[in-house]
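Participant: Sequence:
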Amino acid sequence: MTGGGLVAEKVPESLAREGCMMLQTLLAELSALKGLECAVMLDWRYQNTVSEQRLTKIIVQPHEEFYQVLARTLPDYDVFWPIAPETDQVLSRMVRLSVEIGVKCAASCPSAIELCTDKLATINALKSVFPVPETHRLTAFTPEFPPVWVIKPIDGVGCEKMTLVYDKKSYRQCLVEIDQPETFIAQRYVTGKAISLSVLFKAGQGWLLCCNEQQINIGDDHFVLTGCRVNRAVDDLTAYDKVIDAVARRIPGLWGYVGIDLIETPGKTGKHQLQVLEINPRLTTSFTGIQAATGINVAEQVLRLFDDEPDMTRSHNETVTLTLQK
508 MTGGGLVAEK VPESLAREGC MMLQTLLAEL SALKGLECAV MLDWRYQNTV SEQRLTKIIV
568 QPHEEFYQVL ARTLPDYDVF WPIAPETDQV LSRMVRLSVE IGVKCAASCP SAIELCTDKL
628 ATINALKSVF PVPETHRLTA FTPEFPPVWV IKPIDGVGCE KMTLVYDKKS YRQCLVEIDQ
688 PETFIAQRYV TGKAISLSVL FKAGQGWLLC CNEQQINIGD DHFVLTGCRV NRAVDDLTAY
748 DKVIDAVARR IPGLWGYVGI DLIETPGKTG KHQLQVLEIN PRLTTSFTGI QAATGINVAE
808 QVLRLFDDEP DMTRSHNETV TLTLQK
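Numbering (my numbering), first residue to last: 508 to 833.
It should be emphasised that the hints constitute simulated quantities derived from the structure, not laboratory data. A hint or two may mislead.
[As the list claims (entries may be wrong)] Label pairs and their calculated CB-CB ranges:
1) 734 x 584: 16 to 26 Å
2) 564 x 748: 21 to 31 Å
3) 655 x 570: 27 to 37 Å
4) 524 x 711: 42 to 52 Å
5) 648 x 815: 37 to 47 Å
6) 813 x 559: 18 to 28 Å
7) 653 x 562: 29 to 39 Å
8) 673 x 558: 41 to 51 Å
9) 594 x 673: 19 to 29 Å
Please read all numbers here as calculations on a predicted model, not as lab measurements. From the three backbone atoms N, C-alpha and C, an ideal C-beta is built for every residue, glycine too.
With these hints in hand, go ahead and build the complete structure from the sequences.
Facilitator: Right, here's the structure in full:
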């Protein structure tokens, strides 16, 4: 969003704000490490959002093509860390370019990214090992009410274009607003807490950084992420560890920082029940609060993954609240 990927377009304000948060947090964590020379690609409109002195800025101008600039820049560096949405295969394309050029990439392998990009494929991959909500491709969906359904892009990020439909009238209205129904899915709406897990993955193994609670508002039947409580207090991590193990087994190509979105509902026995909604094979907004909440330098631990396992030792344990809406 801020790195030149939308250099010829208007950048959505909310996504630009979250992008700047992630970028500035990552650069701050990298700047704390010795022996690194870092560069960052920046859309010309955002070149003053980064102020680190020991940093090379590569400004993408209005007349330039993002992937051409990236391709000529990558060979000068040892590691590439993409911050990008899965939408329209953007993240996958960037990682594949890095692989083709022969530069290490601090990201999951392309096939894992492509699987997680397709939310329906992700659900189908996980449903044999963990509870997931009923999900259909929109073009093959005949709704019955109740229950309530969520219509959302198959490769969307955040709450982008997510609509709640609860009867035939609201469903018809939703369809009017969709230009390409083949790129959307219908997912059964599950009431409960919106939870995300911040996890490090490598070779079929996962390490939980923290559990987060997403603050989501529904207005005019549309979803808006307004904030996040990073590293919320949890008495028992067993259920989350089971989710991580299941995801690691089913998608062993996940590597580095990954976010897992869940819905947590009260169970009949008193224990919470979890359903997996989607997997984000990239930095998420929750990342921006993890070091403040736990003392863990996430960037340092991701770089350790190239040769070792991460050190998950915490210096403190607090909950940090992120506010995303002005």
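Participant: Indicate, hint by hint, whether the structure satisfies it.
Facilitator: Evaluated hints:
no.	hint	result
1	734 x 584: 16 to 26 Å	violated, 34 Å
2	564 x 748: 21 to 31 Å	violated, 41 Å
3	655 x 570: 27 to 37 Å	violated, 47 Å
4	524 x 711: 42 to 52 Å	violated, 35 Å
5	648 x 815: 37 to 47 Å	holds, 46 Å
6	813 x 559: 18 to 28 Å	holds, 23 Å
7	653 x 562: 29 to 39 Å	violated, 53 Å
8	673 x 558: 41 to 51 Å	holds, 47 Å
9	594 x 673: 19 to 29 Å	holds, 26 Å
In this structure, the earlier hints numbered 1, 2, 3, 4 and 7 are contradicted, and the remaining ones agree with it.
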